[in-house]
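K.L.:
What follows is the residue order along each chain.
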Amino acid sequence: GENVEQHPSTLSVQEGDSAVIKCTYSDSASNYFPWYKQELGKGPQLIIDIRSNVGEKKDQRIAVTLNKTAKHFSLHITETQPEDSAVYFCAARANSGYALNFGKGTSLLVTP
Amino acid sequence: DTEVTQTPKHLVMGMTNKKSLKCEQHMGHRAMYWYKQKAKKPPELMFVYSYEKLSINESVPSRFSPECPNSSLLNLHLHALQPEDSALYLCASSQVVPEQGNSPLHFGNGTRLTVT
Numbered sequence: 131g132e133n134v135e136q137h138p139s140t141l142s143v144q145e146g147d148s149a150v151i152k153c154t155y156s157d158s159a160s161n162y163f164p165w166y167k168q169e170l171g172k173g174p175q176l177i178i179d180i181r182s183n184v185g186e187k188k189d190q191r192i193a194v195t196l197n198k199t200a201k202h203f204s205l206h207i208t209e210t211q212p213e214d215s216a217v218y219f220c221a222a223r224a225n226s227g228y229a230l231n232f233g234k235g236t237s238l239l240v241t242p
Numbered sequence: 699d700t701e702v703t704q705t706p707k708h709l710v711m712g713m714t715n716k717k718s719l720k721c722e723q724h725m726g727h728r729a730m731y732w733y734k735q736k737a738k739k740p741p742e743l744m745f746v747y748s749y750e751k752l753s754i755n756e757s758v759p760s761r762f763s764p765e766c767p768n769s770s771l772l773n774l775h776l777h778a779l780q781p782e783d784s785a786l787y788l789c790a791s792s793q794v795v796p797e798q799g800n801s802p803l804h805f806g807n808g809t810r811l812t813v814t
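Protein chains in written order, with the numbering used here: chain A, 131 to 242; chain B, 699 to 814.
No wet-lab data here; the hints were simulated from the structure. Please note: incorrect hints may appear among the correct ones.
Unchecked claim - Below, computed lysine-lysine pairings styled on DSS-like, alpha-carbon distance capped at 30 angstroms:
#1 A/Lys234 <-> B/Lys738
#2 A/Lys167 <-> B/Lys734
#3 A/Lys234 <-> B/Lys736
#4 B/Lys738 <-> A/Lys188
#5 A/Lys187 <-> B/Lys739
#6 A/Lys198 <-> B/Lys739
#7 B/Lys716 <-> A/Lys201
#8 A/Lys188 <-> B/Lys717
Because the structure is a prediction, the values reported are computed rather than measured.
Please construct the entire structure, taking both the sequences and the accompanying hints into account.
P.N.:
Right under this line is the structure:
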């Protein structure tokens, strides 16, 4: 089955700096890659997703890049703010599979 | 605010109790899910309902019993739970059922369950 590795497990940055979280996947059939942000006491919320026919996608301060050959995808957050502090999960899924396979999560702390 | 509503927010139950968790969505999504999340871990899939029919059961113990009364509602009935079942139980929905393709999962804020 699909195996999603996520790094780093914790990340601390200063406000205004950029943060990068990286994930690798094992199933070459995976074609859908969402990123979720989970704040304390809340459920995961989708922040951006990318499909395998696209190499990069941006939404304001957030961008995701996908390298299908290397089977890795990354989340980039620019101009970080304290409210970006949360746990971020990457995930991958193939049309042929039924489960969304999550990485283990990255705890991001943005200090003022 | 999330568009998937879960009740109750918190639940404490003894090992002999019977309780139910409830989930509601009005987005017209055709798939609904139950996930279990332990502290500092990613969500783990338990059940999937596609078009109100149970399509996936991830080998979940029978003390957890899901029910989908209609396309907007999802319940999880709990009976004779163990302390290790204490976790955050998340409901989610998606527009497209997993058998037919990919679409974003919309999660509720979960029910924090403690089994004493």
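K.L.:
Compare the structure with the hints numbered earlier in the document and write down the numbers of the violated ones, lowest to highest.
P.N.:
Numbers 7, 8, in rising order.
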